[in-house]
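Here are the chains, one letter per residue:
Protein chains: 2
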Amino acid sequence: MLGRTYEHENCSAARALEVAGERWSLLILRDAIFRGLTRFSEFERSLGLATNVLASRLDLFVAEELMELVPASGHTGQLEYRLTAKGRDFEGVVVALAAWGDRWSAPDGPPIQFHHASCGGPVTVDLRCSGCDRVIQAGDVLADPGPGNRSGKEFRR
Amino acid sequence: MLGRTYEHENCSAARALEVAGERWSLLILRDAIFRGLTRFSEFERSLGLATNVLASRLDLFVAEELMELVPASGHTGQLEYRLTAKGRDFEGVVVALAAWGDRWSAPDGPPIQFHHASCGGPVTVDLRCSGCDRVIQAGDVLADPGPGNRSGKEFRR
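Sequence lines, in order, name chains B and A.
Residue 91 in this note's numbering sits at position 91 of the first sequence, with consecutive numbering throughout.
Residue 1041 in this note's numbering sits at position 41 of the second sequence, with consecutive numbering throughout.
One should not assume that every hint holds.
Stated by the list, open to error - Derived lysine to any residue pairs resembling SDA-like cross-links, with alpha carbons at most 20 Å apart:
hint, chain 1, residue 1, chain 2, residue 2
1, A, Lys1086, B, Asp126
2, A, Lys1086, B, Gly139
3, B, Lys86, B, Glu68
4, A, Lys1086, B, Ala106
5, B, Lys86, A, Arg1103
6, A, Lys1086, B, Pro107
7, B, Lys86, A, Leu1142
8, B, Lys86, A, Arg1039
9, B, Lys86, A, Asp1108
10, B, Lys86, A, Asp1126
11, A, Lys1086, B, Ser105
12, B, Lys86, B, Ser56
13, B, Lys86, A, Ala1106
14, A, Lys1086, A, Val1070
15, A, Lys1086, B, Asp140
16, B, Lys86, B, Leu58
17, A, Lys1086, B, Leu69
18, B, Lys86, A, Gln1137
19, B, Lys86, B, Glu64
20, A, Lys1086, B, Ala138
21, B, Lys86, A, Lys1086
22, B, Lys86, B, Leu142
23, A, Lys1086, A, Arg1039
24, B, Lys86, A, Ser1105
25, B, Lys86, B, Leu69
26, A, Lys1086, A, Trp1104
27, B, Lys86, A, Trp1104
28, A, Lys1086, A, Ser1105
29, A, Lys1086, B, Leu142
30, A, Lys1086, B, Arg103
31, A, Lys1086, B, Glu68
32, B, Lys86, A, Gly1109
33, A, Lys1086, A, Leu1069
34, B, Lys86, A, Asp1059
35, B, Lys86, A, Val1070
36, B, Lys86, A, Pro1107
37, A, Lys1086, B, Gly109
38, A, Lys1086, B, Gln137
Calculated from the structure, these hints are not laboratory results.
Next up, chain B with everything else stripped away, as it sits in the complex (with noise of 0.2 Å):
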């Protein structure tokens, strides 16, 4: 484990947060889901980042295992940042973010539609209950502790 960033918080966000809470993280990693980058020169492209703060990110998501590095396909000599399943499990929170923008910060309507691969159809993020099977609205969400809490803080509403 690197040295951590929230390290009194008991909390997956903030472990989250640890590993992709640095500026930049979550957009490499939204071109790495999203447009498939992999290779170090095509995020430099994409993103206009400084190299040393592209390295380091990068560096950060194979050591946290996001990313293998490994060799290009067809014998290049060069390298690729390839997703795990644990990077690309991302995807919901790049599209969560997304969805925020896209209600709070886009004036001319989202830049960026995101659809399902399989039929076309327009992707949402839903608050989902697996009790009821219920769409869960905003508001209607409770935090309890959980068996991995340590912190005995409180949640209320």
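Starting from the known structure of chain B, fit chain A onto it as the hints suggest.
Leaving out everything else, chain A in the frame of chain B:
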């Protein structure tokens, strides 16, 4: 509009990260949404972060209308940071981040469990297709330029 962290990014996920992608921002929103915190001192105690950092994050939330700074109830003369609908709408992002952390970084089980307030059932984050109304499996989402797109960047899988 404040200075943009991701100025050349024509993407709603990048817009969302500009208001909530700084260190601590999403954990402050988590505490406001799920712990009901509203006072500066409550956030400070809960998160243990530096006063100037907390002040800067809360200022940005007020400027971007995720929170309103209003007199606290009870005529105490204190002020509180109250979530707006725009701020509360980060609920889905926080739950999506926690879901990732629960799957990949919670060896003792989820530290926090999210429940449906109405029936008590466990909350899941689903990507759902509005076309065929199915839950979308990982890797079955395509991204395409939408009406607000100005970048001309390619998307593929």
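Hints and how they fare:
Taking the CA atoms of Lys1086 (chain A) and Asp126 (chain B), the gap is near 17 Å; set against the 20 Å cutoff, the hint holds. For the proposed pair Lys1086 (chain A) and Gly139 (chain B), the alpha carbon gap of about 12 Å is at most 20 Å, so the pair holds. This hinted pair checks out: Lys86 (chain B) and Glu68 (chain B) have alpha carbons roughly 11 Å apart, not beyond 20 Å. A hinted pair counts as satisfied when its Cα atoms are at most 20 Å apart, and Lys1086 (chain A) with Ala106 (chain B) qualifies at roughly 13 Å.
With a C-alpha separation of about 9 Å, the suggested pairing of Lys86 (chain B) with Arg1103 (chain A) holds against the 20 Å cut-off. Of the supplied pair hints, the one linking Lys1086 (chain A) and Pro107 (chain B) holds, its CA atoms being roughly 15 Å apart against a limit of 20 Å. Annotation: proposed proximity of Lys86 (chain B) to Leu1142 (chain A) holds, straight-line Cα distance about 19 Å (limit 20 Å). Restraint check for Lys86 (chain B) and Arg1039 (chain A): not satisfied, since their Cα atoms lie roughly 36 Å apart, outside the 20 Å limit.
For a cut-off of 20 Å, the pair hint linking Lys86 (chain B) to Asp1108 (chain A) stands: about 18 Å separates their Cα positions. Between the alpha carbons of Lys86 (chain B) and Asp1126 (chain A) the distance comes to roughly 17 Å, so the proposed pair stays at or under 20 Å and holds. Restraint check for Lys1086 (chain A) and Ser105 (chain B): the C-alpha separation of about 10 Å stays at or below 20 Å, so the hint holds. With a CA separation close to 19 Å, the supplied pair Lys86 (chain B) and Ser56 (chain B) stays within the 20 Å bound.
Between Lys86 (chain B) and Ala1106 (chain A) the CA atoms are separated by roughly 13 Å; this keeps the pair inside 20 Å, and the hint holds. For the hint pairing Lys1086 (chain A) with Val1070 (chain A), the CA-to-CA distance comes to about 16 Å; that is within 20 Å, so the pair holds. Using a Cα cut-off of 20 Å, the hinted pair Lys1086 (chain A) and Asp140 (chain B) holds, with the two alpha carbons roughly 16 Å apart. The straight-line distance between the Cα atoms of Lys86 (chain B) and Leu58 (chain B) is roughly 14 Å, inside the 20 Å bound, and the hint therefore holds.
As the CA atoms of Lys1086 (chain A) and Leu69 (chain B) are separated by approximately 39 Å, the hinted pair breaks the 20 Å bound. A distance of roughly 14 Å separates the Cα atoms of Lys86 (chain B) and Gln1137 (chain A); the hinted pair therefore holds under the 20 Å criterion. Distance hint between Lys86 (chain B) and Glu64 (chain B) is fulfilled; the C-alpha atoms sit about 9 Å from each other, no more than 20 Å. A threshold of 20 Å between alpha carbons decides the hint, and for Lys1086 (chain A) with Ala138 (chain B) the separation of about 11 Å falls inside it, so the pair holds.
The hinted pair formed by Lys86 (chain B) and Lys1086 (chain A) fails the criterion: a straight-line CA distance of about 30 Å is larger than 20 Å. At most 20 Å may separate the alpha-carbon atoms for a hinted pair to count; Lys86 (chain B) and Leu142 (chain B) exceed this at roughly 27 Å. Between the alpha carbons of Lys1086 (chain A) and Arg1039 (chain A) the distance comes to roughly 19 Å, so the proposed pair stays at or under 20 Å and holds. The straight-line distance between the Cα atoms of Lys86 (chain B) and Ser1105 (chain A) is roughly 10 Å, inside the 20 Å bound, and the hint therefore holds.
Proximity of Lys86 (chain B) to Leu69 (chain B) is assessed by CA-CA distance (about 14 Å); at most 20 Å being required, the pair is judged to hold. For a cut-off of 20 Å, the pair hint linking Lys1086 (chain A) to Trp1104 (chain A) is broken: about 29 Å separates their Cα positions. For a cut-off of 20 Å, the pair hint linking Lys86 (chain B) to Trp1104 (chain A) stands: about 7 Å separates their Cα positions. For the proposed pair Lys1086 (chain A) and Ser1105 (chain A), the alpha carbon gap of about 29 Å is over 20 Å, so the pair is violated.
For the hint pairing Lys1086 (chain A) with Leu142 (chain B), the CA-to-CA distance comes to about 19 Å; that is within 20 Å, so the pair holds. In summary, the hint linking Lys1086 (chain A) to Arg103 (chain B) is supported, as the alpha carbons are separated by about 9 Å, within the 20 Å threshold. Between Lys1086 (chain A) and Glu68 (chain B) the CA atoms are separated by roughly 37 Å; this puts the pair beyond 20 Å, and the hint is violated. For the hint pairing Lys86 (chain B) with Gly1109 (chain A), the CA-to-CA distance comes to about 17 Å; that is within 20 Å, so the pair holds.
The suggested pairing of Lys1086 (chain A) with Leu1069 (chain A) holds, with an alpha-carbon distance near 14 Å, which does not exceed 20 Å. Restraint check for Lys86 (chain B) and Asp1059 (chain A): the C-alpha separation of about 34 Å exceeds 20 Å, so the hint is violated. As the CA atoms of Lys86 (chain B) and Val1070 (chain A) are separated by approximately 42 Å, the hinted pair breaks the 20 Å bound. Taken as a hint, the Lys86 (chain B) and Pro1107 (chain A) pair is honoured in the structure, with Cα atoms around 15 Å apart against an allowance of 20 Å.
The suggested pairing of Lys1086 (chain A) with Gly109 (chain B) holds, with an alpha-carbon distance near 17 Å, which does not exceed 20 Å. Distance hint between Lys1086 (chain A) and Gln137 (chain B) is fulfilled; the C-alpha atoms sit about 14 Å from each other, no more than 20 Å.
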